[in-house]
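Since chain P is already given, all that's left is putting chain F on it; use the hints.
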Amino acid sequence: RKEVEQDPGPFNVPEGATVAFNCTYSNSASQSFFWYRQDCRKEPKLLMSVYSSGNEDGRFTAQLNRASQYISLLIRDSKLSDSATYLCVVSLGGGYQKVTFGTGTKLQVIP
Amino acid sequence: NAGVMQNPRHLVRRRGQEARLRCSPMKGHSHVYWYRQLPEEGLKFMVYLQKENIIDESGMPKERFSAEFPKEGPSILRIQQVVRGDSAAYFCASSPPGDVRYEQYFGPGTRLTVT
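Protein chains in written order, with our numbering: chain P, 1 to 111; chain F, 1 to 115.
Think of the hints as simulated: they come from the structure by calculation, not from any bench. From a predicted model like this one, the values you see are computed outputs, not experimental measurements. Some hints could be false.
[What the hints assert, rightly or not] Quick list of the computed label-pair ranges, beta carbon to beta carbon:
(1) ARG78/F / LYS79/P: 35 to 45 Å
(2) GLY54/P / ARG78/F: 35 to 45 Å
(3) GLY58/P / LYS44/F: 44 to 54 Å
(4) SER53/P / GLN17/F: 43 to 53 Å
The beta carbon of each residue, even a glycine, is placed where N, CA and C say it ideally should be.
Bound-form chain P, shown alone (with noise of 0.2 Å):
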């Protein structure tokens, strides 16, 4: 079983729709999880991190679900700016700070 898993998609969605990813991880003890960004041939960006309590930033929300081991990104309200490739990363923590990308999960965002 991979450490980190994504649907790769293609997420085909017409603007303004709303649409959610999951992606889940193998390890349990794992503590810090992210949802990065990365516009073809281009570097990743951090979107935002995931906390346990979930959180939300703007039309983006992430939630984390331990007992599960999957974390979510929802989009709102898609914008045609929105196409990108969503990674997954998660972390042991504990003051090591390798992280592991999941392959990513594409979205195109159709007008």
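Same frame as chain P, now just chain F:
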């Protein structure tokens, strides 16, 4: 505050040559990570370094690849005797010491093409 810098942005090497990729972390950052991304694939961790120390090199191929992060100067990823399969984007990331969020800041990458 300048971001993570990588150079060169594009590097072309013939099979058998050496490739040297450089990464200057953000100011104040003491942790450096190298990742490789093959076309249409995800990021693969290669190595994690702190100043003058390799902390985790579990993702580095056993041969031809080496990395360093000297006390002064940038981190260097060196690939000796390159082969076609080394063609990829190599990203460097850095993070500050003691950052409990463990967020990593990425450089723009070096795209290596082996001909």
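Worksheet entry | Those earlier numbered hints the structure runs against, lowest number first | 3
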